[in-house]
Amino acid sequence: MKMGQRRTVAWFVFMSFSGCVSLLAAPSLSQFEMGLESISSGDVRLMQANAQSQFESDSLDLGLSLSLGRTEIEYVPVDFDFLGREIDVTEQNKAIQLNGRTRIREKFWLVGGFGYYEGFTNYRSIWLDEYYRQQFSDLTGVPGSELYVDADPKGYNATAGLRWEYSPSSAFAQLMISQLQDDVSPGYEIDFEGLRRGELTLATSAISLSTENVISKRIRSLLDLRASQTSAREWRYGLGVTLFAALGEKWVTRWQAGIVSEDPQFDAHSSSVAIEYEISDTLSAYADFSYYDDTGEIEDAFLFTSAAPGLISRKAGLGLRWEGNVWSGRFYLAPLSSSYEPTQLNTDFFQNLYSDRDWTVAQVVFGRSF
Amino acid sequence: MFCLRLFIAFGLLLLVGCSSIPAYQQEYVSKAGMVNSDSMLESSRVNLMSQIEPGNSVSGGAQAAGCTACR
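Chains as they are written, first to last, in my numbering: chain X, 1 to 370; chain P, 1 to 71.
Note that these hints are calculated values from the structure, not bench results. Heads up, a few of these hints could be off.
To be verified - Calculated lysine-lysine pairs in the BS3-like style (CA-CA distance at most 30 Å, straight line): (1) Lys31/P with Lys107/X; (2) Lys107/X with Lys154/X; (3) Lys250/X with Lys154/X; (4) Lys31/P with Lys250/X; (5) Lys217/X with Lys250/X; (6) Lys31/P with Lys217/X.
Claimed, not checked - Computed beta-carbon distance windows for the label pairs: (7) Ile8/P with Phe80/X: 20 to 30 Å; (8) Ile8/P with Lys94/X: 14 to 24 Å; (9) Asn346/X with Ile8/P: 49 to 59 Å; (10) Leu247/X with Ser20/P: 45 to 55 Å; (11) Ser20/P with Glu234/X: 35 to 45 Å; (12) Glu27/P with Pro264/X: 12 to 22 Å; (13) Ala257/X with Ser37/P: 41 to 51 Å; (14) Asp58/X with Glu27/P: 46 to 56 Å; (15) Ile8/P with Ile104/X: 16 to 26 Å; (16) Pro264/X with Ile8/P: 37 to 47 Å.
Unchecked claim - Covered, in the sense of this in silico footprint (three residues per stretch, anywhere, with C-beta under 8 Å from a C-beta of chain X), are these stretches of chain P: (17) 24-38; (18) 41-51.
Predicted model, so just to flag it, every value in this text is computed and none were measured. Glycine included, C-beta positions come from ideal geometry on N, C-alpha and C.
Pulled out of the complex, with its shape left as it was, chain P reads as follows (with noise of 0.2 Å):
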């Protein structure tokens, strides 16, 4: 279980990566399929996804979230 940990983090380190790309060289990562963004057309959220699938909204509000703790 550590080792696991430990993996999940040295993978979560190399995400966060200390290379600077400049932005002449970014022409791929600037695609619009490519950036996360909150504009709708640059993004594929769907915003009613969060009805159907409530845990995904961990600090969208007591209802958006859903209720954990129902009577």
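Just chain X, same shape as in the assembly (with noise of 0.2 Å):
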């Protein structure tokens, strides 16, 4: 049995063994929310509805989360694809997760959880998928042309960690470690070689730690560090901070600020800022502006690649929550803006993938407590 497939198998029996003991320890159903998203712009719409449950006893805490996505593209090739032609592409994807958390000491927690997926977790990689079928599944002849597969994107997930309440009620420290796998849709290239395939699935392991603090009667603070590798890539870094400040009796006020790095070349930033008006007792309203750009991807082609160019995005949005004794419900509505730097000559093949966008945001959330 290979290393990995060990690791497999001992996240299996570690997260069966938990699933175990939750069942004998019977929490009962605490909340249950419904909700449904949208982010629509001329030629891709992306959807997702998503249920999740909460189930609480003293010492146990379970979640158990269910979504279904289903993405719609207008795929339009550039005009000097001669191979390409228009179609319009919807895929569906579906996962589910459960995630839980046990108390084994006063102030110590055993934190764990997985999930599974199938479908394509992203409209690029659809975008790109189909760009592949048009180029590169019919090269009868072509060395290499047996290499191309139609995708079947897939993963799963596992989590465990520990959890520490160092000053109970008030602050707490985590740390995680999970390992993850996903059957992607692959990359291709071809050269006078023939048709090259890049990988068809991929390890990601990651790590994090994180503190979250009441730092004072009106501020609350979370910090979390996180590292992540996936096969063939160097190390990926993150830094998130954010804040939470009562303004006064009506205010609120939410800041984030966010970092990612990964060597050679990716880096990324985001930053966020929100601020909540109570209306009355059960109503609040609140509006959001966000930012992030990145560098653009990392990319090793030998001649084309489909790496993403330097990203710049922002959204302002505004929401309303509601809050009753047994139930709640919050809606969201925001316009956004995405703008790509120009493609290069070994990218001018997605001039319309990484084109610039304006989308809408939308979001509805229902849920009853128990």
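Make one complex out of these two single chains by using the hints.
What follows is the structure in structure tokens.
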């Protein structure tokens, strides 16, 4: 048995054991939520339905979430792509995630979770899969043509960790280790030696350390350090800081900033600010603004590359939050703009994928407490 | 550069804090918009945003994080 397989089996045994312990402790349903969200532009429409349940007891918390996604793309190749043709592409995906934590000492919790998904996880991989299908699925007689496969993306993740409530009800630190495996839609290249294919399966190891603190009667902070490494790539490091501050009886603000870096050349920065006003005991309204930029993806191509150029996105939105004794809800609407740097000679085939877009973000969530 | 890093490290340490605020004094920090939560109601997270801003998903899986080594 290979090392990777042993690790997978170990994760499975651990999570099965955790699941059995959970069932014995029989926590009761405390919260159920359903949400619908969409992000749409002229040629790309993303939709997702989410349902999640929270089960709680004195020493055990469990969260089960399900999601169904649908992506619609109006695929249009560039004018000089003589093998390409316009087509409407629709893909669906589904995912399940179970997370739990159980108290093992007065201040310590054992935390774990696992999840599984099927289907493309982003619109960009769907667009690229269609491009590769039109270019390389029918290359009879070309060396390496047998390497082309119909994509069947799916993957799983398993997570385990420890949570230390070093100041009960006001501060904790949490260390998490994760292992992920993804069967992806591979990339292809062709040259005088024939067709070449990228990795079919990617493995990711990740570790995170987070700490949340109530640092005054009006301020809560969250600090999150993350590192992950995916097959054939360097380590990616991330730092996130979130501050929640109550400005008065009815005003609260949220500030977030994050940086991500991966050698040799990927850097991303994000920041957001939100302000929320309590209209009544049950109704609040909020406005937020967020900014994101990155330097573009790392590419290791021989001739042509699908790597995304640098990206800047901005979003400004308005939301309403309603909190009843039993039922609650939230509604959010925001325009979003995303702008890519111009493509280069070796990425010109993807001009229509990496084009500037104006999006509309919409989300509605309902929940019931028990 | 060293001073900047020192300043950032000091700032992050301040965020961790060392005081203990008793639960009965946490009225403000327990409001719905003041809580870091997996709940879709209590947070204002939009899951699909990771498709638009791929760098924000540092450990969300190879695909969720976007492709950073593409052919």
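Next item on the list: Return the numbers of the hints above that this structure violates; sort them in rising order.
Entry: 2, 3, 7, 8, 9, 10, 12, 13, 14, 15 and 16
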